[in-house]
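Q: Here is what each chain is made of, one letter per residue.
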Amino acid sequence: SRSQNTLGKGLLTLLSREHLDDDTWEEIEDTLITADVGVAPTQELVERLRTRVRVLGTRTPAELRGLLRAELLTLVDPSLDRVLRTESHEESPAVVMVVGVNGTGKTTTTGKLARVLVADGRSVVLGAADTFRAAAADQLQTWGERVGARTVRGPEGGDPASIAFDAVKEGIAEGADTVLIDTAGRLHTKTGLMDELGKVKRVVEKHGPVDEVLLVLDATTGQNGLVQARVFAEVVDITGIVLTKLDGTAKGGIVIAVQRELGVPVKLIGLGEGADDLAPFEPEAFVDALIGE
Amino acid sequence: MFDTLSDRLAATFKNLRGKGRLSEADIDATMREIRIALLEADVALPVVRAFVASVKQRALGAEVSQALNPAQTVIKIVNEELVGILGGETRRLRFAKQPPTVIMLAGLQGAGKTTLAGKLGRWLKGQGHTPLLVACDLQRPNAVNQLSVVAERAGVAVFAPEPGNGVGDPVKVAQDSIDFARSRQYDIVIVDTAGRLGVDQELMQQAADIRDAVRPDEILFVVDAMIGQDAVNTAEAFRDGVGFDGVVLSKLDGDARGGAALSIVHVTGKQIMFASNGEKLDDFDAFHPDRMASRILGMGDMLSLIEKA
Ligand SMILES: Nc1nc2c(ncn2[C@@H]2O[C@H](COP(=O)(O)OP(=O)(O)OP(=O)(O)O)[C@@H](O)[C@H]2O)c(=O)[nH]1
Ligand SMILES: Nc1nc2c(ncn2[C@@H]2O[C@H](COP(=O)(O)OP(=O)(O)OP(=O)(O)O)[C@@H](O)[C@H]2O)c(=O)[nH]1
Ligand SMILES: [Mg+2]
Ligand SMILES: [Mg+2]
Chain Z
86 SRSQNTLGKG LLTLLSREHL DDDTWEEIED TLITADVGVA PTQELVERLR
136 TRVRVLGTRT PAELRGLLRA ELLTLVDPSL DRVLRTESHE ESPAVVMVVG
186 VNGTGKTTTT GKLARVLVAD GRSVVLGAAD TFRAAAADQL QTWGERVGAR
236 TVRGPEGGDP ASIAFDAVKE GIAEGADTVL IDTAGRLHTK TGLMDELGKV
286 KRVVEKHGPV DEVLLVLDAT TGQNGLVQAR VFAEVVDITG IVLTKLDGTA
336 KGGIVIAVQR ELGVPVKLIG LGEGADDLAP FEPEAFVDAL IGE
Chain F
2 MFDTLSDRLA ATFKNLRGKG RLSEADIDAT MREIRIALLE ADVALPVVRA
52 FVASVKQRAL GAEVSQALNP AQTVIKIVNE ELVGILGGET RRLRFAKQPP
102 TVIMLAGLQG AGKTTLAGKL GRWLKGQGHT PLLVACDLQR PNAVNQLSVV
152 AERAGVAVFA PEPGNGVGDP VKVAQDSIDF ARSRQYDIVI VDTAGRLGVD
202 QELMQQAADI RDAVRPDEIL FVVDAMIGQD AVNTAEAFRD GVGFDGVVLS
252 KLDGDARGGA ALSIVHVTGK QIMFASNGEK LDDFDAFHPD RMASRILGMG
302 DMLSLIEKA
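Protein chains in written order, with my numbering: chain Z, 86 to 378; chain F, 2 to 310.
Just so you know, the hints here were simulated from the structure itself, not pulled from any lab data. All C-beta atoms in this analysis are idealised placements derived from N, C-alpha and C, irrespective of residue type, glycine included. Mixed in with the good hints there might be a few duds.
[Claimed, not checked] Where chain Z lies over chain F, by a calculated footprint (3+ residues, C-beta under 8 Å):
{"id": "1", "segment": "76–86"}
{"id": "2", "segment": "149–161"}
{"id": "3", "segment": "166–174"}
{"id": "4", "segment": "194–201"}
{"id": "5", "segment": "217–230"}
{"id": "6", "segment": "243–255"}
[To be verified] Between beta-carbon pairs, the in silico distance windows are:
{"id": "7", "chain 1": "Z", "residue 1": "P365", "chain 2": "F", "residue 2": "R50", "range": "31 to 41 Å"}
{"id": "8", "chain 1": "Z", "residue 1": "P365", "chain 2": "F", "residue 2": "G270", "range": "51 to 61 Å"}
{"id": "9", "chain 1": "F", "residue 1": "D256", "chain 2": "Z", "residue 2": "G260", "range": "51 to 61 Å"}
{"id": "10", "chain 1": "F", "residue 1": "Q128", "chain 2": "Z", "residue 2": "D244", "range": "31 to 41 Å"}
{"id": "11", "chain 1": "Z", "residue 1": "D106", "chain 2": "F", "residue 2": "Q128", "range": "56 to 66 Å"}
{"id": "12", "chain 1": "F", "residue 1": "G89", "chain 2": "Z", "residue 2": "D373", "range": "55 to 65 Å"}
[Unchecked claim] Calculated pairs, DSS-like style, for lysine-lysine (alpha carbon to alpha carbon, straight line, at most 30 Å):
{"id": "13", "chain 1": "Z", "residue 1": "K275", "chain 2": "F", "residue 2": "K281"}
{"id": "14", "chain 1": "F", "residue 1": "K98", "chain 2": "F", "residue 2": "K57"}
{"id": "15", "chain 1": "F", "residue 1": "K98", "chain 2": "F", "residue 2": "K77"}
{"id": "16", "chain 1": "Z", "residue 1": "K275", "chain 2": "F", "residue 2": "K126"}
{"id": "17", "chain 1": "F", "residue 1": "K173", "chain 2": "F", "residue 2": "K271"}
{"id": "18", "chain 1": "F", "residue 1": "K77", "chain 2": "F", "residue 2": "K173"}
{"id": "19", "chain 1": "Z", "residue 1": "K254", "chain 2": "Z", "residue 2": "K284"}
{"id": "20", "chain 1": "Z", "residue 1": "K275", "chain 2": "Z", "residue 2": "K254"}
{"id": "21", "chain 1": "F", "residue 1": "K271", "chain 2": "F", "residue 2": "K281"}
{"id": "22", "chain 1": "F", "residue 1": "K281", "chain 2": "Z", "residue 2": "K284"}
{"id": "23", "chain 1": "Z", "residue 1": "K286", "chain 2": "F", "residue 2": "K281"}
{"id": "24", "chain 1": "Z", "residue 1": "K275", "chain 2": "Z", "residue 2": "K291"}
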């Protein structure tokens with residue numbers, strides 16, 4: 086792919102060099118910045134690398150690259166718990182809410198997740214709590230039919246909180262294992278819509294705690310992703326991040342800053358528009374793609 | 002940490018007093034801050050480099066006036082350059098001599114194409130046109146319904162002969178829409194297409210085939226204002242894969258700084274024609290280069306002060 090070429094090329098020249106020089110450092114910086122890691126995190130990382138290089142007496146670009154990879158891995162933190170809580174409780178299904186700004190891939194992710202669960206023998210109910218966007222409930226229902234999950238929906242323009250509530254209610258009545266609630270895309274700057282989202286969660290919690298709140302971030306998103314994550318975390322206390330559209334050229338480097346600041350791990354990645362294009366997040370693979378392995 | 006560029010620059014220039022001409026050291030110090038501000042606004046790195054180099058050239062030897070200190074002088078130059086690039090050769094939509102005028106929308110998944118089809122439809126209808134929206138996304142679940150609902154909300158007609166969800170040939174739908182429009186006197190055809198990635202060669206070819214089938218008067222590249230460094234890859238891929246005549250920036254109602262605007266214009270030379278700033282159909286505006294420049298620099302008030310100086 087293109088960006089892999091640009092980044093990869095940088096690192097290739099880097100590797101062909103014999104000792105560390107300013108260009109080598111600059112290429113490391115460029116690699117991180119063009120992957121949307123952000124200026125401040127990049128500078129901090131490079132600073133730490135410089136210290137380690139001094140301490141360790143690192144001399145070759147290849148060694149430096151190894152250190153970079155290790156630093157990035159530390160930031161992404163492979164030890165974080167990335168398990169998705171979708172196991173039903175004694176009396177009630179697990180409840181998962183899917184949230185995020187417009188067009189990131191919430192509905193698609195909900196569909197893909199249902200697919201994984203159904204394939205695993207679980208019964209799944211989908212709640213179409215996006216009553217705003219044109220044909221949003223139809224889109225979710227199509228996904229439900231595709232993967233074998235029933236969709237609970239209400240009237241267009243209806244109250245999303247009551248649909249979410251009903252979905253969980255029906256999930257309980259049916260003895261379903263998991264209820265997945267798809268919510269409308271909303272920009273974190275719209276306080277009215279963010280309040281509405283908070284309400285959806287509170288109303289659902291009348292049935293019991295929500296097990297997962299997944300924030301869907303689009304890998305093409307730049308520095309605004311951090312602001313998004315901050316505000317969503319404040320309003321609905323996100324428990325995991327889904328990084329979508331990683332099948333393109335974007336690297337999704339913003340999740341490094343997000344994870345560092347909020348401590349919320351990336352749990353899943355989206356790799357396409359198909360039902361099976363969902364995968365667990367693997368720190369090592371992510372870091373390798375980021376630095377153009 | 003300084004939040005705004007002006008705070009940063011104030012710190013950089015704490016010990017400098019404005020007089021005479023700008024020295025190279027003054028400029029270098031300012032340029033470092035401008036570079037960071039642009040990167041934080043998501044302007045793509047190669048574009049930042051080229052831009053900073055050209056601004057530096059212009060700033061060298063520039064006169065520091067009574068009213069403006071060295072930092073402000075550089076910012077004024079930066080702002081002028083930004084507005085110049087973003088606002089160069091503004092033009093209106095091109096209408097066909099022989100109707101229907103064909104407008105094709107293309108872009109990444111979720112960028113805001115279908116919503117824009119409704120917005121354009123409604124706006125053009127308001128100007129006395131009779132637009133027809135054409136459902137050529139036959140892939141994304143219920144994209145056809147979505148466009149039909151959007152058309153209804155906009156009070157315009159829709160051509161949606163295929164159900165979608167994987168059924169139907171988008172190239173044929175595009176082709177048929179032209180005859181349909183002609184026979185029913187629709188004077189504008191707006192072709193909504195599926196979202197696609199720059200690296201997806203098959204889908205990129207499909208977009209090129211749709212283009213060849215309808216020979217658009219305008220191909221608009223729709224791009225999410227929140228996009229980061231990938232803007233350049235994507236813009237180049239769409240330029241090479243389908244080609245486009247103008248750009249529409251969507252989701253400008255958020256707080257993303259929107260540096261992609263500069264990246265795309267800089268790399269493709271195509272101008273931004275419209276700004277999409279909300280989910281509702283009238284959340285749609287002409288693009289304002291000056292507002293975009295202050296947004297990218299994150300210093301609206303400061304710039305208007307400098308403008309007046
Ligand atoms: N290439 C790719 N496309 C994706 C991925 N996930 C979702 N999409 C596409 O992105 C577009 C938006 O996806 P949706 O699931 O509708 O997004 P959403 O967040 O529900 O959107 P709203 O409800 O309108 O806010 C669709 O065209 C999806 O097919 C992914 O991992 N890779
Ligand atoms: N806040 C805001 N939301 C927008 C804007 N434009 C579109 N959206 C929302 O973004 C999401 C995606 O918009 P669509 O029009 O479906 O995007 P698309 O490019 O057609 O998506 P695909 O067909 O899946 O590739 C929807 O939730 C829209 O309501 C905008 O200017 N501001
Ligand atoms: Mg959705
Ligand atoms: Mg669409």
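Q: Could you check the structure against the hints above and give me the numbers of any it violates, in ascending order?
A: Violated hints: 1, 3, 8, 9, 12, 14, 15 and 18; rest satisfied.
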